[in-house]
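Asks: Here are the chains, one letter per residue:
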Amino acid sequence: MGAVKLLFVVQRPPYKNENPRLALTHAIASQTAEIYMDEGDSVVPTVVFVGDGVLNVIKGQQAMKLYGVTSTESHIKNSLLIDMPIWVCKEDMTRLGLKEDQMITDAEELGAELKTKFVSFADIQKEMDSVKHLLFF
Amino acid sequence: MGAVKLLFVVQRPPYKNENPRLALTHAIASQTAEIYMDEGDSVVPTVVFVGDGVLNVIKGQQAMKLYGVTSTESHIKNSLLIDMPIWVCKEDMTRLGLKEDQMITDAEELGAELKTKFVSFADIQKEMDSVKHLLFF
Amino acid sequence: MAELTIGVFSSLVGSMSLDFSFKLADAAIAKGHKVNMWLSGNAVMMAKKGQKAFKDYSHNEKKMKELIGKGMEITVCEACAEARGYHKEDTPEGMKRASMDWYLAKTVKTDRLLHIGGE
Amino acid sequence: MAELTIGVFSSLVGSMSLDFSFKLADAAIAKGHKVNMWLSGNAVMMAKKGQKAFKDYSHNEKKMKELIGKGMEITVCEACAEARGYHKEDTPEGMKRASMDWYLAKTVKTDRLLHIGGE
Amino acid sequence: MKLAVFLSDWRRTEDTLERMKADKMGVILVGNGVYHAVLKEGGKDSPVLSKAGTTFYALSDDLETRGITTANINPKVKAVSYGDIVDLIMNDYEKTAWL
Amino acid sequence: MKLAVFLSDWRRTEDTLERMKADKMGVILVGNGVYHAVLKEGGKDSPVLSKAGTTFYALSDDLETRGITTANINPKVKAVSYGDIVDLIMNDYEKTAWL
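Residue numbers (our numbering), protein chains in the order written: chain A, 8 to 144; chain B, 8 to 144; chain C, 568 to 686; chain D, 568 to 686; chain E, 1449 to 1547; chain F, 1449 to 1547.
Errors might be hidden in some of the hints.
[As the list claims (entries may be wrong)] Below, computed lysine to aspartate or glutamate pairings styled on DMTMM-like, alpha-carbon distance capped at 25 Å: (1) B:97 x F:1466; (2) D:676 x A:120; (3) D:590 x D:640; (4) F:1488 x F:1463.
[What the hints assert, rightly or not] If you want a taste of the chain B side facing chain C, the calculated C-beta under 7 Å gives, among others: (5) 47; (6) 50; (7) 92.
[Said to hold, decoys possible] Here are some, though not all, of the chain E residues that point toward chain B, as calculated from beta-carbon distances under 7 Å: (8) 1462; (9) 1480; (10) 1488; (11) 1489; (12) 1497; (13) 1509; (14) 1513; (15) 1530; (16) 1531.
By construction, these hints were calculated from the structure, which means they are not laboratory data. C-beta atoms are modelled at their ideal positions from N, C-alpha and C, and glycine is treated no differently.
Same shape as in the complex, but just chain A:
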């Protein structure tokens, strides 16, 4: 089958439900999925935050300090570190009054080269069209 593209779409805020976080951990698992696959096969995930899902990407989350739970921020940064594309819908940020400087834009402190991509819904639609499977959270 070669490389199969998957799109993980997070539509809801963090911390009320485990699933937005599971979108990230599942996407990260694509790195180790090869043991279950045939030679030459691979999965290529992109994680996109749309609607209220963009609230997951607000920086400065103190979940570990206050509740002893890994923050969604930390999962996003780990994703960037392994070069997994993280996209955030610009229109939804605008609607909710969020500016880029309030968001997680990179994980430079971890040594990540990849940066968060702020995209239009039209770009997301194109990606939906091109992937094999959609996974909404």
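Starting from the structure of chain A, add chains B, C, D, E and F where the hints point.
Replies: This is chains B, C, D, E and F only, laid out in the frame that chain A set:
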């Protein structure tokens, strides 16, 4: 303390979440709570359906036949059978286009004397004012 | 001081309403109040001992035991637990199992009730 | 025929999305399709055997075993299970435990994916 | 793409459906999503049913579980069985989206 | 009555708050309810904050968990600790309603 009044308020539809059903089973448990209470104490529950909660009271639910699960209808009828007041907000029925003949109005087939009471939100507000505790589901 | 009863119906992982309840109970006990807690619905997920404390997941077992040690009464809905396959021997130490009437009875004498009937 | 993979993240009791998934799997197998199922998040509540079949609660253990007998592969997220205190010995017969990469790998060859990532 | 969208809620907390486009789109109402097939809040059809160029289905098991007879649903919506949904997923559409 | 209402959702699926009356009402924003204290969707304050005659509180732990500093919240809302919420429940209000 004597008789303590409780108001159980169901605001959400059935079957997506267990909690509307648990409102009824908890209210019914007031019947057997005396073993834990002092002589002369009792709890007097009323269950009221407001907002989308009125969808719990639509009659003809086939949950047992199709999913093997007791229907919310059956819990409501059991409540009437033990004389537990069941109230339904009229304004919300109107808003959702539901008429009384679509609703569970009684449990005559079980021998229940009590009937469902269709009330205004103002009546519900009065009850909220008069009870000791509120339990929203 | 006074008595606070907290009823929780939310699931262990995700909604964080259980985390909220334990932190609130802790703060109430610190102020000298008596706290009772009732777990029903998906909140009975607390009634399974041996939960691994991964950093990715809410983990309230330790906090719960601490609060029981400080006098908090905590009871889970027995039928809700059995339906999920949690039996008597699965129950963490200090936690009681009872039917729903336990909770109803608590509402009589408690000064305040915080009933968390959603996620 | 073709292959359908269903991923479920909803809790056992209440949302009925698990009931939906098993009925859909049943219908797909009846039409000759191969079905794989992945349970993660609160859906790992299926990974605890000995659930009492009360009429008030969704009970899918019997249906699940039937479908496994018909060739359905079903795997639960190991970490999600351990975090909830479900260990290897709790797992119902025929159900596998694996990490999330099992699910990711299934997406490569499956013809269709139905991913139920909400309640 | 040919996309089958599943809606399982009556009060939706996303607006993804409104924004998504597909060459062929089907909306399959399941769980509490089936209320969109029958309730007329404020006298009007559910806004879900106004999505242009879309075919609507509702799972009859989930309608009947909630006390709704399939005869009473909106004429825009077709009642379907579990077997029908399998055929929709496997034959009529290529991708699925459970919102 | 003196009523403390808890809101834990950003997208609410009930309209009970809008309709309830109390002689003294406090709204305590917790969990994802804290977003009402800071987000201005479409440039406007959350409609929750327009409930007349109401005092608003937001749990600072839940604000900070979500990356919101208490200095940035709406001036209508007071940031509170768990201990403060205990005092509100036990001293300032008589009944609670977790919507």
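Asks: Does the closest beta carbon of chain B sit nearer than 7 Å to the beta carbon of residue 1488 of chain E?
Replies: Result: holds, 4 Å to nearest chain B Cβ.
Asks: Tell me if the interface restraint on residue 92 of chain B is satisfied: Cβ within less than 7 Å of some Cβ in chain C.
Replies: 16 Å, violated
Asks: How about residue 50 of chain B: closest beta carbon in chain C under 7 Å, or not?
Replies: 5 Å, holds
Asks: Keeping to a limit of 25 Å between CA atoms, is the pair of residue 97 of chain B and residue 1466 of chain F held or broken?
Replies: Status holds; Cα separation ~17 Å.
Asks: Using the nearest Cβ pair, does residue 1530 of chain E come within less than 7 Å of chain B?
Replies: 10 Å, violated
Asks: Does the closest beta carbon of chain B sit nearer than 7 Å to the beta carbon of residue 1462 of chain E?
Replies: 15 Å, violated
Asks: Can we keep the residue 1497 of chain E interface hint, with Cβ of chain B closer than 7 Å?
Replies: Residue 1497 of chain E check fails; min Cβ-Cβ to chain B is 14 Å, beyond 7 Å.
Asks: Do the numbers back the hint for residue 1531 of chain E, that is, is its least Cβ distance to chain B under 7 Å?
Replies: With a closest approach of 14 Å, the residue 1531 of chain E hint is violated.
Asks: Under 7 Å, Cβ to Cβ, is where residue 47 of chain B needs to be relative to chain C, so tell me if that hint holds or is violated.
Replies: Constraint on residue 47 of chain B not satisfied, violated at 10 Å.
Asks: Hint residue 1509 of chain E vs chain B: min CB-CB distance below 7 Å?
Replies: It holds, given that the least Cβ distance between residue 1509 of chain E and chain B is near 5 Å, below 7 Å.
Asks: Hint residue 1480 of chain E vs chain B: min CB-CB distance below 7 Å?
Replies: 5 Å, holds
Asks: Holds or violated: are the alpha carbons of residue 676 of chain D and residue 120 of chain A at most 25 Å from each other?
Replies: Answer violated: residue 676 of chain D to residue 120 of chain A is near 31 Å, above 25 Å.
In this structure, the hints that do not hold are numbers 2, 5, 7, 8, 12, 15, 16, in rising order.
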